[in-house]
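2 protein chains.
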Amino acid sequence: MDFKQALKERANYIEDLLKKYMPKEEGYQKTIMEAMNYSLEAGGKRLRPILTLEACKVVGGNEEDVIAFAVAIEMIHTYSLIHDDLPALDNDDLRRGRPTNHKVYGESMAILAGDALLNYAFEVMLSNSINKEDSNKYLCAINEIAKSSGIYGMIGGQVVDVQSENVQISKDKLDFIHLNKTAAIIIGCMRAGAIIGGANDEQLEEITKYAKNIGLSFQIVDDILDIVGDEAKLGKKVGSDIENHKSTYPSLLGLDKSKEIARSLIDEAKLSISKLSEETELLDGLADYIIAREY
Amino acid sequence: MDFKQALKERANYIEDLLKKYMPKEEGYQKTIMEAMNYSLEAGGKRLRPILTLEACKVVGGNEEDVIAFAVAIEMIHTYSLIHDDLPALDNDDLRRGRPTNHKVYGESMAILAGDALLNYAFEVMLSNSINKEDSNKYLCAINEIAKSSGIYGMIGGQVVDVQSENVQISKDKLDFIHLNKTAAIIIGCMRAGAIIGGANDEQLEEITKYAKNIGLSFQIVDDILDIVGDEAKLGKKVGSDIENHKSTYPSLLGLDKSKEIARSLIDEAKLSISKLSEETELLDGLADYIIAREY
Numbered sequence: 001m002d003f004k005q006a007l008k009e010r011a012n013y014i015e016d017l018l019k020k021y022m023p024k025e026e027g028y029q030k031t032i033m034e035a036m037n038y039s040l041e042a043g044g045k046r047l048r049p050i051l052t053l054e055a056c057k058v059v060g061g062n063e064e065d066v067i068a069f070a071v072a073i074e075m076i077h078t079y080s081l082i083h084d085d086l087p088a089l090d091n092d093d094l095r096r097g098r099p100t101n102h103k104v105y106g107e108s109m110a111i112l113a114g115d116a117l118l119n120y121a122f123e124v125m126l127s128n129s130i131n132k133e134d135s136n137k138y139l140c141a142i143n144e145i146a147k148s149s150g151i152y153g154m155i156g157g158q159v160v161d162v163q164s165e166n167v168q169i170s171k172d173k174l175d176f177i178h179l180n181k182t183a184a185i186i187i188g189c190m191r192a193g194a195i196i197g198g199a200n201d202e203q204l205e206e207i208t209k210y211a212k213n214i215g216l217s218f219q220i221v222d223d224i225l226d227i228v229g230d231e232a233k234l235g236k237k238v239g240s241d242i243e244n245h246k247s248t249y250p251s252l253l254g255l256d257k258s259k260e261i262a263r264s265l266i267d268e269a270k271l272s273i274s275k276l277s278e279e280t281e282l283l284d285g286l287a288d289y290i291i292a293r294e295y
Numbered sequence: 001m002d003f004k005q006a007l008k009e010r011a012n013y014i015e016d017l018l019k020k021y022m023p024k025e026e027g028y029q030k031t032i033m034e035a036m037n038y039s040l041e042a043g044g045k046r047l048r049p050i051l052t053l054e055a056c057k058v059v060g061g062n063e064e065d066v067i068a069f070a071v072a073i074e075m076i077h078t079y080s081l082i083h084d085d086l087p088a089l090d091n092d093d094l095r096r097g098r099p100t101n102h103k104v105y106g107e108s109m110a111i112l113a114g115d116a117l118l119n120y121a122f123e124v125m126l127s128n129s130i131n132k133e134d135s136n137k138y139l140c141a142i143n144e145i146a147k148s149s150g151i152y153g154m155i156g157g158q159v160v161d162v163q164s165e166n167v168q169i170s171k172d173k174l175d176f177i178h179l180n181k182t183a184a185i186i187i188g189c190m191r192a193g194a195i196i197g198g199a200n201d202e203q204l205e206e207i208t209k210y211a212k213n214i215g216l217s218f219q220i221v222d223d224i225l226d227i228v229g230d231e232a233k234l235g236k237k238v239g240s241d242i243e244n245h246k247s248t249y250p251s252l253l254g255l256d257k258s259k260e261i262a263r264s265l266i267d268e269a270k271l272s273i274s275k276l277s278e279e280t281e282l283l284d285g286l287a288d289y290i291i292a293r294e295y
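Just so you know, the protein sequences line up as chains A and B, in that order. Residue numbering for the first sequence follows the numbering used here, beginning at 1 and increasing consecutively. Residue numbering for the second sequence follows the numbering used here, beginning at 1 and increasing consecutively.
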């Protein structure tokens with residue numbers, strides 16, 4: 001089976017899991033469940049859940065044990081997109097080729113649906129962690145997710161990103177944005193997966209390096225695609241960074257240098273993972289995919 | 001010491017705890033920490049944290065063990081107020097006599113500051129629950145908070161509340177709103193406190209009844225104060241329910257009947273608590289305070 005086929009199958013598996021863990025659309029509060037599920041079902045690459053499961057497996061764990069974490073990280077990712085798309089933030093009408101949440105459900109419901117998905121992510125992780133043998137391990141794993149999605153992670157990155165529009169920023173600040181806005185929750189979900197999988201300190205360190213490097217590379221490629229990408233494939237407008245006078249890797253370092261850095265981060269990531277196991281096909285493939293992707 | 005003095009001292013104690021647990025305002029993402037802390041510091045009665053500590057103590061636990069939960073529930077309450085005040089929701093300019101978060105920091109920052117406070121609440125609970133003796137108890141307690149603040153709790157109530165403006169609704173639906181929008185997180189934080197305090201099933205049941213009854217009564221009194229309250233004392237406009245054609249206890253059942261129900265809920269709450277301990281002064285006083293309050 002080639003890598004693209006394997007990745008597609010993993011994504012389908014995640015789709016099935018999401019359907020199982022999504023809230024049922026019922027009760028007086030039915031509309032918000034519909035709004036949550038509308039965005040959860042909108043597709044996407046499902047990279048974060050796939051990475052969560054792989055991180056657990058690559059250190060010798062059982063992926064069944066981290067399913068709730070895989071689902072939860074996609075809920076957190078999805079809530080961040082819903083809020084990002086709001087008129088007060090990026091004001092986007094389209095996401096993955098479909099109308100954004102607030103365009104369908106209205107702004108107040110989109111705000112609450114985002115809140116609800118963040119909260120629900122914790123509900124899913126917690127309710128599936130109770131009464132297990134090693135409770136402290138589960139607490140540590142949920143804590144990794146929480147840290148990575150908050151002000152010292154994703155939200156921290158988003159805030160500085162919002163404040164950096166129309167301003168020339170330093171490479172240090174740009175790295176802060178990339179590391180926190182994008183890499184942090186990849187680090188968080190992979191560390192959570194590895195912790196539940198029983199990783200030792202050394203394994204956890206290599207997982208963290210891999211996650212950080214593919215996360216940074218992912219964001220640099222995002223910046224590159226905003227210049228050279230195909231709108232049809234991306235499902236969104238290109239050129240918005242230039243339009244918003246945003247500092248990016250290409251704007252600060254040029255397109256060629258950016259591609260070079262993105263490539264070398266991927267090589268480093270693969271080196272880390274090679275230290276962990278001999279069965280690294282999917283994680284290797286994912287690293288290569290991140291640099292080769294067109295959307 | 002009289003009750004009002006005791007309550008004031010507890011609130012001051014909570015203020016000190018909040019200061020200790022609030023994020024430091026530093027780093028590139030400093031603005032969001034300022035925005036979070038602006039609303040956290042805005043005062044208020046701090047009833048939820050006080051109730052968290054009392055629920056732990058009344059079942060024989062040590063209040064030190066639930067400090068992180070007390071702080072977290074106030075963060076969750078505060079985030080819900082920040083998002084509630086947004087232009088897309090209640091569009092309020094004033095909260096506790098001060099400009100609302102989005103009036104000071106702008107809408108995008110207020111959305112993110114709300115998100116950040118919800119996330120941070122979990123960070124605080126989780127990071128303070130790791131490596132304790134009975135990890136599963138802590139998982140259960142955090143799970144109580146998570147359930148109570150999500151779509152089967154506070155957010156569920158908010159959604160139905162938002163959808164019920166300008167519509168005549170049934171008493172059943174109104175009770176759903178009150179139970180979820182207001183009572184749920186009081187139930188959640190008190191159950192969390194009691195679980196950490198080592199409550200048995202029976203104690204947990206009485207705590208839950210107390211919390212539910214004071215929560216419902218609190219919201220009925222809120223409805224009543226929106227008609228008969230003093231704007232200066234409340235720190236907000238009165239008459240907004242009538243203006244928004246909202247169904248409330250007074251509008252459905254009349255003012256006198258509403259007061260009667262609020263009173264009887266408080267009596268029931270006090271009965272529950274009397275079964276738990278002989279030292280119920282503060283919880284009794286709080287129940288009475290809820291019905292007697294003017295703001």
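What the hints contain is simulated information worked out from the structure, not anything from laboratory work. Bear in mind that the values here come from a model prediction, so they are computed numbers and not experimental data. Incorrect hints may appear among the rest.
What the hints assert, rightly or not - In the DSSO-like style, the derived pairs of lysine-lysine whose C-alpha atoms are separated by at most 27 Å in a straight line are:
#1 B/K103 <-> A/K246
#2 B/K103 <-> A/K212
#3 A/K236 <-> A/K45
Claimed, not checked - Computed spacing ranges between beta-carbons, pair by pair:
#4 A/P99 <-> B/L252: 49 to 57 Å
#5 A/F3 <-> B/K19: 47 to 55 Å
#6 A/K171 <-> B/E165: 46 to 54 Å
#7 A/S170 <-> B/K19: 28 to 36 Å
#8 A/D230 <-> B/E64: 56 to 64 Å
#9 A/D172 <-> B/G106: 23 to 31 Å
#10 A/K275 <-> B/P99: 51 to 59 Å
#11 B/G43 <-> A/D172: 33 to 41 Å
#12 A/N131 <-> B/N131: 36 to 44 Å
#13 B/E64 <-> A/S127: 43 to 51 Å
#14 A/S127 <-> B/D284: 45 to 53 Å
Each residue gets a CB set at the ideal place from its N, CA and C atoms; glycine is no exception.
To see whether the hints hold, each was checked on the structure:
1. Pair hint B/K103 plus A/K246 holds up; C-alpha atoms about 26 Å apart against a cutoff of 27 Å.
2. A C-alpha spacing of about 36 Å is found between B/K103 and A/K212, which places the hinted pair above 27 Å, so the restraint is violated.
3. The suggested pairing of A/K236 with A/K45 holds, with an alpha-carbon distance near 15 Å, which does not exceed 27 Å.
4. Checked against the hint of 49 to 57 Å, the pair A/P99 and B/L252 fails, with Cβ atoms roughly 37 Å apart.
5. Remark: the range hint 47 to 55 Å for A/F3 to B/K19 is upheld by a beta-carbon distance near 52 Å.
6. Our hint of 46 to 54 Å for A/K171 and B/E165 holds, since their Cβ atoms are close to 49 Å apart.
7. Between A/S170 and B/K19, the C-beta spacing of about 32 Å keeps the proposed range 28 to 36 Å intact.
8. Between A/D230 and B/E64 the beta carbons are some 58 Å apart, a value that agrees with the proposed interval 56 to 64 Å.
9. Under the hint 23 to 31 Å, the C-beta atoms of A/D172 and B/G106, about 25 Å apart, fit the expected range.
10. For the pair A/K275 and B/P99, the beta carbons lie near 54 Å from each other, so the given range of 51 to 59 Å is met.
11. In this structure, B/G43 and A/D172 meet the distance hint of 33 to 41 Å, their C-beta atoms being roughly 38 Å apart.
12. A hinted range of 36 to 44 Å is violated for the C-beta pair A/N131 and B/N131, which are about 19 Å apart.
13. Between B/E64 and A/S127 the beta carbons are some 27 Å apart, a value that contradicts the proposed interval 43 to 51 Å.
14. Taking the beta carbon of each, A/S127 and B/D284 are about 34 Å apart, not inside 45 to 53 Å as hinted.
Violated hints, listed in ascending order, are 2, 4, 12, 13, 14; each of the other numbered hints is respected by the structure.
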